[in-house]
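J.: Here is what each chain is made of, one letter per residue.
2 protein chains.
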Amino acid sequence: MDGFAVRAESTFGASPDRPLVLALNREAWAVNTGRPLPPGTNAVIMIENVNFLEDEAFEIEQAVVPWQNVRRVGEDFVASEMILPSGHRLTAYDQGALLAAGVYAVDVVQKPRVLLAPSGSELMAHEILRDRPPKHGEAIEFNSVMLASLVEQAGGIAIRRPIVQDEFDPIKQTILDGVRSDAHLVVINAGSSAGSEDYTAAAIRQLGEVLVHGVAMMPGKPTILGIVENKPVIGNPGYPVSAVLSFEAFGVPVLEIMQGLPHRSRPRMRAVSARKIASKLGREEFFRVKIGRVGDRVVATPLPRGAGSITSLTRADGIIRIPTFSEGIGQAEDVDVELLKDPMDVDRTLVCIGSHDLTLDVLANELGPHSIFLSSSNVGSLGGLLALKSRSSHFAPSHLLDLETGQYNWSYIRRYIPDIPVRVFHGVMREQGFMVAKGNPKSIKCFQDLVRDDVTFVNRQAGAGTRVLLDYHLDRLGIDPERITGYHLEEYTHTSVAVAVLSGVADVGMGVLAAARALDLDFIPVAVEQYDLVIPEEFMGDEKIRIMLDVMRSPRYKERVLALGGYGVDRTGEEIQPLP
Amino acid sequence: MDGFAVRAESTFGASPDRPLVLALNREAWAVNTGRPLPPGTNAVIMIENVNFLEDEAFEIEQAVVPWQNVRRVGEDFVASEMILPSGHRLTAYDQGALLAAGVYAVDVVQKPRVLLAPSGSELMAHEILRDRPPKHGEAIEFNSVMLASLVEQAGGIAIRRPIVQDEFDPIKQTILDGVRSDAHLVVINAGSSAGSEDYTAAAIRQLGEVLVHGVAMMPGKPTILGIVENKPVIGNPGYPVSAVLSFEAFGVPVLEIMQGLPHRSRPRMRAVSARKIASKLGREEFFRVKIGRVGDRVVATPLPRGAGSITSLTRADGIIRIPTFSEGIGQAEDVDVELLKDPMDVDRTLVCIGSHDLTLDVLANELGPHSIFLSSSNVGSLGGLLALKSRSSHFAPSHLLDLETGQYNWSYIRRYIPDIPVRVFHGVMREQGFMVAKGNPKSIKCFQDLVRDDVTFVNRQAGAGTRVLLDYHLDRLGIDPERITGYHLEEYTHTSVAVAVLSGVADVGMGVLAAARALDLDFIPVAVEQYDLVIPEEFMGDEKIRIMLDVMRSPRYKERVLALGGYGVDRTGEEIQPLP
Numbered sequence: 001m002d003g004f005a006v007r008a009e010s011t012f013g014a015s016p017d018r019p020l021v022l023a024l025n026r027e028a029w030a031v032n033t034g035r036p037l038p039p040g041t042n043a044v045i046m047i048e049n050v051n052f053l054e055d056e057a058f059e060i061e062q063a064v065v066p067w068q069n070v071r072r073v074g075e076d077f078v079a080s081e082m083i084l085p086s087g088h089r090l091t092a093y094d095q096g097a098l099l100a101a102g103v104y105a106v107d108v109v110q111k112p113r114v115l116l117a118p119s120g121s122e123l124m125a126h127e128i129l130r131d132r133p134p135k136h137g138e139a140i141e142f143n144s145v146m147l148a149s150l151v152e153q154a155g156g157i158a159i160r161r162p163i164v165q166d167e168f169d170p171i172k173q174t175i176l177d178g179v180r181s182d183a184h185l186v187v188i189n190a191g192s193s194a195g196s197e198d199y200t201a202a203a204i205r206q207l208g209e210v211l212v213h214g215v216a217m218m219p220g221k222p223t224i225l226g227i228v229e230n231k232p233v234i235g236n237p238g239y240p241v242s243a244v245l246s247f248e249a250f251g252v253p254v255l256e257i258m259q260g261l262p263h264r265s266r267p268r269m270r271a272v273s274a275r276k277i278a279s280k281l282g283r284e285e286f287f288r289v290k291i292g293r294v295g296d297r298v299v300a301t302p303l304p305r306g307a308g309s310i311t312s313l314t315r316a317d318g319i320i321r322i323p324t325f326s327e328g329i330g331q332a333e334d335v336d337v338e339l340l341k342d343p344m345d346v347d348r349t350l351v352c353i354g355s356h357d358l359t360l361d362v363l364a365n366e367l368g369p370h371s372i373f374l375s376s377s378n379v380g381s382l383g384g385l386l387a388l389k390s391r392s393s394h395f396a397p398s399h400l401l402d403l404e405t406g407q408y409n410w411s412y413i414r415r416y417i418p419d420i421p422v423r424v425f426h427g428v429m430r431e432q433g434f435m436v437a438k439g440n441p442k443s444i445k446c447f448q449d450l451v452r453d454d455v456t457f458v459n460r461q462a463g464a465g466t467r468v469l470l471d472y473h474l475d476r477l478g479i480d481p482e483r484i485t486g487y488h489l490e491e492y493t494h495t496s497v498a499v500a501v502l503s504g505v506a507d508v509g510m511g512v513l514a515a516a517r518a519l520d521l522d523f524i525p526v527a528v529e530q531y532d533l534v535i536p537e538e539f540m541g542d543e544k545i546r547i548m549l550d551v552m553r554s555p556r557y558k559e560r561v562l563a564l565g566g567y568g569v570d571r572t573g574e575e576i577q578p579l580p
Numbered sequence: 001m002d003g004f005a006v007r008a009e010s011t012f013g014a015s016p017d018r019p020l021v022l023a024l025n026r027e028a029w030a031v032n033t034g035r036p037l038p039p040g041t042n043a044v045i046m047i048e049n050v051n052f053l054e055d056e057a058f059e060i061e062q063a064v065v066p067w068q069n070v071r072r073v074g075e076d077f078v079a080s081e082m083i084l085p086s087g088h089r090l091t092a093y094d095q096g097a098l099l100a101a102g103v104y105a106v107d108v109v110q111k112p113r114v115l116l117a118p119s120g121s122e123l124m125a126h127e128i129l130r131d132r133p134p135k136h137g138e139a140i141e142f143n144s145v146m147l148a149s150l151v152e153q154a155g156g157i158a159i160r161r162p163i164v165q166d167e168f169d170p171i172k173q174t175i176l177d178g179v180r181s182d183a184h185l186v187v188i189n190a191g192s193s194a195g196s197e198d199y200t201a202a203a204i205r206q207l208g209e210v211l212v213h214g215v216a217m218m219p220g221k222p223t224i225l226g227i228v229e230n231k232p233v234i235g236n237p238g239y240p241v242s243a244v245l246s247f248e249a250f251g252v253p254v255l256e257i258m259q260g261l262p263h264r265s266r267p268r269m270r271a272v273s274a275r276k277i278a279s280k281l282g283r284e285e286f287f288r289v290k291i292g293r294v295g296d297r298v299v300a301t302p303l304p305r306g307a308g309s310i311t312s313l314t315r316a317d318g319i320i321r322i323p324t325f326s327e328g329i330g331q332a333e334d335v336d337v338e339l340l341k342d343p344m345d346v347d348r349t350l351v352c353i354g355s356h357d358l359t360l361d362v363l364a365n366e367l368g369p370h371s372i373f374l375s376s377s378n379v380g381s382l383g384g385l386l387a388l389k390s391r392s393s394h395f396a397p398s399h400l401l402d403l404e405t406g407q408y409n410w411s412y413i414r415r416y417i418p419d420i421p422v423r424v425f426h427g428v429m430r431e432q433g434f435m436v437a438k439g440n441p442k443s444i445k446c447f448q449d450l451v452r453d454d455v456t457f458v459n460r461q462a463g464a465g466t467r468v469l470l471d472y473h474l475d476r477l478g479i480d481p482e483r484i485t486g487y488h489l490e491e492y493t494h495t496s497v498a499v500a501v502l503s504g505v506a507d508v509g510m511g512v513l514a515a516a517r518a519l520d521l522d523f524i525p526v527a528v529e530q531y532d533l534v535i536p537e538e539f540m541g542d543e544k545i546r547i548m549l550d551v552m553r554s555p556r557y558k559e560r561v562l563a564l565g566g567y568g569v570d571r572t573g574e575e576i577q578p579l580p
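Those sequence lines, one after another, are chains A and B. Here the working numbering is used: the first residue of the first sequence is 1, the next is one more, and so on. Here the working numbering is used: the first residue of the second sequence is 1, the next is one more, and so on.
Chain A extracted, bound-state conformation (with noise of 0.2 Å):
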């Protein structure tokens, strides 16, 4: 306490009747707290409780008790006691208790390091990407960035050496050198399926021990876990799901009991699925979701399962495991979430189920500064409303046009979700119409030219807003669907569509103008569309809902989004009222 030192014993007996005077640097001595007692002194009395007297004194009208006001030397630790055990991850607090305790420095454990060898005859090392872009058949090296980070969120020093070719000595040779280094772990990444030029298992077979090739996960199966000169190799697959999940599954763990750390698991959370999930019977497989607290549930919706979709990563919040001896789970079951994300975070997150626009990813981004997360999942409009019948999304992008009365969704909504109040936002008016390849090679001009022999369509899937527009065209015109090649294949987004005309899988098909424009395709106006928000009336008193529909009617995202092209939003973010 900041006062003064004094002995106990020569405050007896002050009171506020018979104040006693002590002489100051005589009979106290002043301090400030955290300073050692002046010899002969055993408490000390604070500074409030003092009146000043002239004269190098004062008056105090309560005596204190020895060791009063006093600080202890040893009341937090003392030597011999432990002050952290062995094997434990220092923090910040115990920084600040060893040097409390005048420890300068302890012993750690070594970082482990671990040699990332990309290997492929296809990849280019993503360097190149600093003075130019990637040509046509360039592959760009990726996955030992993605390791690297993981090695060293695990706490080791990652080397990422250069690119490997897909041969078997200069693999082999890689391994050799790599165990003979310094490294405590060497990782060829990829070279572990089971095509021709998969020469990391014959290497480490030749060098050493194959301990397992191939493992009962997908995505991961082809990784191989071998020894050479007592050092532990990995052969990681290539496929960047996989390269990760792989790596995440047997690399960490080497990692930790190198560092004789405890197994750090992904914090965990229950939650149900929006849709039933199929799984291969033995295997485990790693399910990337997408999850949101809707309600009084937290809802889990399945991203695409491909091991070659590092988005599905990237935009995922969570992973499920369907074990090795299930063929999948039901829609609206149980299941266990390892989350990617802060456990706080899934309640900041909307859940968007519903048609597709490009327009939601300014939103996400919008969103971002007020702490939101945007999750949405592209499943057409009818998919969306449906959703909202099994309360999984907050809300539903919809753009269904009602042949009869002309208005957009209402009638949609009484039919299919009768049960559930709902509310109507509008989102934007967009341009529909047909996207071609640059120059429009096969002159495409109207809906007529669809059933043309050279011209083969790509197709929106059954309940997206897009092929309720093209059906409507179609019989408004007579024309059959079933005359037109490629009506029954379909793609789930507008920019899918546009990728199947760019690639040439296919001449034409319908998206909104922004897409098309994205891929420098050519665009045929075929009809200006109203693509709104629905919002169940319970959802209405949601924080984040008003959020939302706040940004969506500020110029900011109405600038953002016209500069996509294609877009109107003069009624952006007003609600729609269905027709009397």
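The hints are simulated quantities; they were obtained by calculation from the structure and are not laboratory data. C-beta atoms are modelled at their ideal positions from N, C-alpha and C, and glycine is treated no differently. No false leads were mixed into what you were given.
Calculated lysine-lysine pairs in the DSS-like style (CA-CA distance at most 30 Å, straight line): (1) A:K221 x A:K280; (2) A:K111 x B:K341; (3) B:K111 x A:K111; (4) A:K438 x A:K558; (5) B:K111 x A:K341; (6) B:K111 x B:K172; (7) A:K442 x A:K135; (8) B:K221 x B:K231; (9) B:K221 x B:K276; (10) A:K111 x A:K341; (11) B:K341 x A:K341; (12) B:K221 x B:K280.
With the Cβ distance kept under 7 Å, some of the chain B side facing chain A (calculated, not the full set): (13) P36; (14) Q95; (15) L99; (16) A100; (17) G102; (18) Y104; (19) H126; (20) I140; (21) P240; (22) L313; (23) M344.
Given the coordinates of chain A, assemble chain B onto it according to the supplied hints.
T.: Positioned in the frame of chain A, the structure of chain B alone reads:
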């Protein structure tokens, strides 16, 4: 897929009855997974499905359709799609997605720079410990090290400045230099209370504006928040726990806002309080607690509340906040705990409440490699038995001597926890005695010396086994405890008693040899006693208990205990049966 790229149309008609022959490098080209298709091809025949013929050709028994076994450009994402929203913290996966999309560089938010200026004339820079231990009266400055670590955890860059004298001008100059440097936040630590040398608030007021002086939290009350030349300045309190908790409450959120990050809150867990916790009205009080799962409940046991006790943070598993307008919480009341550890570790924690002994540190250390955390609270032997009764702990160390039978613990168990079936395992034999200052200046030799006028005693709390031992001997010798000066001065551990003797608060106290030896005190042996572990039958099936008993029976554990001095380990880990 690994195989051969073809025009799908050239395979039409192939069947098992009518295999089709394709010429290599004319009709079919070898490709591997991940490679681009040769021009003019649109499908891949898997290598498993071809029969090689001589002469650069192979046979197939099944046609492929266009785009079979081909991943299309843009399958994962295409131009114009958002890869990541702004204001997002990059993960390992994100780096992969960016490179996959050809993005080599992204704009990032600048790391905020935080200037940390320790102030206090009594402080020594911790770097001095590199060369020598601290002298009497030197206080090692370590708050800035903890704060620097917190700054870095929060994504900032810490700049630790030399220690500033506790005087107005140097503090004012430090603030001025700080806000005119490239730092984004200036922290003066400490100099924020209302004592004589607290110039921080005055200096901020003279240079800019004090927004807040004093906050309704404890520890952390004397926090100052100010603005000088448009930069935030924090006057952080000086007690280590206050320094940390205040910076976490006010500094870290500033850094998050500067980076556009959402507030990261700690994982939370519901628990029940093992004890009543009283709190003052009018401030939010932060209690550090140990937690563990005992049976089906998570139990939180409060640690010492002193703001100077940095070990109350390093030993804590979590923090409980008692709201401003609450007077505290009752025993077994539900509380919300902010976890300082991995939520999974809660299930790996053995909760030990009872008598204190230095061997518990050895045990905690040896359990580490088994990923078991020992969470021990010292409340004395009887307190330990009562904790078993309230199902707050997994086991209770106890050394309660039955004066009639001469047996330890069992009669107390029958009296205090008759309804709880327990088993008892032997811990150690240990030497109890008088701890006196080096050289035994008061010539204390036996219990009779305790009643001497010139001798001050320091006692253990009621319910402690050592207190029972003392009372037993006093009773046996017919000594009235009220004649002993300091009989009512109570400490909770052997080391606290030793510290009381070392610092001159008392001349003598009772405790184990190891505690005396640790603080270099003289020791007069009084008795050898038995220190055991009382374990409820219901936890005997818990793997953590099994491993603990195995560890106690290991030669390595016994060796380490013997090294402390004053212990016998001949029967350590053996089960102790009650007398018939």
